[in-house]
Amino acid sequence: MKLVIRYFFRGVRLVLTPVMLVSEKLSTPKAIERSAEEQARVDAQTDQLALYQFRACPFCIKVRKEIARLGLNIETRDAQHDLQHRQALEQNGGKVKVPCLLITHHDGREEWLYESSDINAWLHRHFGSVDQAA
1 MKLVIRYFFR
11 GVRLVLTPVM
21 LVSEKLSTPK
31 AIERSAEEQA
41 RVDAQTDQLA
51 LYQFRACPFC
61 IKVRKEIARL
71 GLNIETRDAQ
81 HDLQHRQALE
91 QNGGKVKVPC
101 LLITHHDGRE
111 EWLYESSDIN
121 AWLHRHFGSV
131 DQAA
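Numbering (this note's numbering), first residue to last: 1 to 134.
These are computed hints drawn from the structure, not numbers from a lab. The reader is advised that the hints may include incorrect statements.
Restricting the straight-line Cα-Cα distance to at most 20 angstroms, the calculated cross-link-like pairs of lysine to aspartate or glutamate (EDC-like) are [unchecked claim]: (1) 65 <-> 110; (2) 95 <-> 107; (3) 25 <-> 111; (4) 97 <-> 78; (5) 62 <-> 107; (6) 95 <-> 78; (7) 97 <-> 107; (8) 2 <-> 24; (9) 62 <-> 38; (10) 95 <-> 111; (11) 65 <-> 115; (12) 65 <-> 90; (13) 25 <-> 75; (14) 65 <-> 37; (15) 65 <-> 75.
Computed spacing ranges between beta-carbons, pair by pair [as the list claims (entries may be wrong)]: (16) 27 <-> 109: 12 to 20 angstroms; (17) 33 <-> 87: 20 to 28 angstroms; (18) 73 <-> 23: 17 to 25 angstroms.
Where a beta carbon is used, it is the ideal one built from N, C-alpha and C, also for glycine.
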């Protein structure tokens, strides 16, 4: 019975994954506009960020849409198919759970932020204010 259930959900994922990815492409918002100097400053700040994610995870899609809306260049790391990224997430973050934003602070300290709503709130606090947009 477990085998039947496992294959049922694999089939559901097989059907839904392309739908979710196409939906993401069609519904991703336009990025906020910044001056070239301001965008360069934001890009320098986002060099310290990495998003551990699964491509078809709805919560990861939610975070990627916020990243796109804010016009951020954040490295995405596939923790589903890349064993190295999966191990880094588990060993350093403490669990294989996505989405997870790795924030490397200027002093070298790493902060692993889980939960899509928390990640989006953090991104909005740091990059979404009116004074940062051109």
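Q: Enumerate the violated hints, using their earlier numbering and listing them in ascending order.
A: The structure breaks hints 1, 2, 3, 5, 7, 8, 9, 12, 14, 16 and 17; every other hint is satisfied.
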